[in-house]
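Residue numbers (our numbering): 25 to 340.
It is worth saying that the hints were derived from the structure and are not from the lab.
Since no wrong hints were added, every one of them can be taken at face value.
In silico EDC-like links for lysine to aspartate or glutamate, alpha-carbon gap of 20 Å or less:
#, residue 1, residue 2
1, Lys209, Asp89
2, Lys292, Asp238
3, Lys50, Glu283
4, Lys50, Asp260
5, Lys71, Asp100
6, Lys249, Glu221
7, Lys209, Asp166
8, Lys249, Asp321
9, Lys222, Asp79
10, Lys159, Asp199
11, Lys209, Glu168
12, Lys50, Asp261
13, Lys38, Asp102
14, Lys224, Glu245
15, Lys294, Glu264
16, Lys224, Asp258
17, Lys222, Asp261
18, Lys336, Asp296
19, Lys38, Asp140
20, Lys223, Asp261
21, Lys223, Asp268
22, Lys50, Glu245
23, Lys224, Asp268
24, Lys209, Asp52
25, Lys294, Asp238
Small disclaimer: the values here were computed from a predicted structure and weren't measured.
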Amino acid sequence: MTATSLSQIYQTIKTANSIVILTHMKPDGDTLGSSIALCRYLRYLGKEASIYQRDPIPSNLSFLDTSHMVQTAPSDVDLIIAIDSSDPGRLDSRLGEFNATLINIDHHQTNTLYGDHNYVFATASTGEIIYQMLKEWGAPFDQETMDALYTAIATDTNRFYYRSTSAETHRAVADLIDQGLEPIKLNTLIYGQIPLEKKKLQAYALQSAQIQSDDQMIISEISRKTQALYGTNDTDDIVEMLRDIAGIEVAVLSYQTAEDWRLSLRSKQKIDVGSIALEFGGGGHYGAAGIAVANNDYPSVLHRVIEQIEAKLVKR
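Could you build all of it, start to finish, from the sequences and the hints given here?
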């Protein structure tokens, strides 16, 4: 699924001087790692490139190269590159701060092709797309670039768990390992340094969860009050922990932000949660999706999402 060739993307980049990369809001490993790898290549080409992102970086990803990240919009920008964002809403208000050509690089099947140039493929991660682009362009793969790409690929495949993981995904990582990537070191940094506060929040999410639909669905909720009580708002990976319980087919985690509620949906094999999320203005993939919900709409939307999941689950 693409509307622009790789050569057109390269020519657009080549003619630009000042380039800003936009991560999606509440950045994860894919949007951060992909953006960092691309930014390093753009600066290698001599471009004035930066990554404009305002939300906090997850603590387990603080080892990544953030030296070219900015929290205020640069001026006189020639080109904007949106990374791993299926629609403009995922970029919040930052996109409206610029009047420049927009390249949209993403891997979500629900991408709305909102860019002037769209380079969108349904791969396992946007990091895999960036790897393929840099490989085609003959980019140097230094340690920081490889670390960023591995972080993007490993985190968005949930450690190569999701069904979108392909032979090409593994070949990309194998190539990086051949060039000096150290996956054991990175896995320890990403997954082996979880703060105690987050572990306690995970325990709360599990202990307070409800299991229904013939024990096939698990539902948990984390309010801002609960986040304050446990001293962290890091809800990443909690929904995966719930999904991985034996017998569970679908996990639903609701967590409250300063602006709204978010629903994280995860499934094993039976349910396409991405299609459910799309009906409520969200998006994602077959096994992993999310929805942003206004505070007033949260109870009714949650109820309807659960109803849809229940209707799709095969009774055992």
